[in-house]
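A.B. asks: Turn these sequences into a full structure, and let the hints steer you where they fit.
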Amino acid sequence: MKFQYRFSVLFLVSFTAMASPNHGFSAKSNQDPIFIEKCELYKQALKEGDLPLLKSFVEKRWLEGDKAPRVEQHILKKANRYQQVLSDAGNYIVQEKRLSTMTKDNVAQVLITWTNGDKFTMHDGCVFEKIESSELWEIDL
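Numbers -19 to -1, 1 to 122, taken from mature numbering (1 follows the signal peptide of the UniProt record, and there is no 0), label the letters of the sequence shown in order.
Because the hints were derived from the structure by calculation, they are not lab data. Quick caveat, the model's predicted, so the values are computed rather than measured. Certain hints may be false.
Once the Cα atoms are required to be at most 20 Å apart in a straight line, the calculated SDA-like pairs of lysine to any residue come out as [to be verified]: (1) K24 <-> S115; (2) K78 <-> Q54; (3) K36 <-> Q54; (4) K41 <-> N3; (5) K28 <-> I74; (6) K58 <-> E29; (7) K41 <-> G5.
So the derived label-pair ranges between C-beta atoms look like this [unchecked claim]: (8) T102 <-> Q64: 16 to 22 Å; (9) K100 <-> E45: 41 to 47 Å; (10) Y73 <-> G46: 36 to 42 Å.
Using N, Cα and C, we set each Cβ at its ideal position, and we do this for glycine too.
C.D. replies: Have a look at this one:
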């Protein structure tokens, strides 16, 4: 049963990653549910250290030439820090996941609150910005 569930989650994450771009995607407004989906996908990729998926959130020009190794190092460092936070938390439960209504029109913010009981509560999330002179969005890394 666990294998089937994990396979389903991996398939869903992979399908979502291929279904629409993770950098330069469209949204109806800064309250579009796609931001929660993209944030979940990004956080899962951080948790798993999935470098190809994490790189899909980065503008292509940063992954070309002599910048690419430094960008990859930055991404992996960010993933390692996130994995350490999750490891320190132990078993945790997401209490709340929502879009902030207190942002400018060109910014979308996903707010996540999770806890492992009485000892540890964390506020997490993602910030997305509209790409300048465009109707497309990107995550703020």
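A.B. asks: Take the hints in turn and mark each one as holding or not.
C.D. replies: Against the structure, the hints:
| no. | hint | verdict |
| --- | --- | --- |
| 1 | K24 <-> S115 | violated, 25 Å |
| 2 | K78 <-> Q54 | violated, 29 Å |
| 3 | K36 <-> Q54 | holds, 11 Å |
| 4 | K41 <-> N3 | holds, 11 Å |
| 5 | K28 <-> I74 | holds, 15 Å |
| 6 | K58 <-> E29 | holds, 13 Å |
| 7 | K41 <-> G5 | holds, 10 Å |
| 8 | T102 <-> Q64: 16 to 22 Å | holds, 19 Å |
| 9 | K100 <-> E45: 41 to 47 Å | holds, 44 Å |
| 10 | Y73 <-> G46: 36 to 42 Å | holds, 39 Å |
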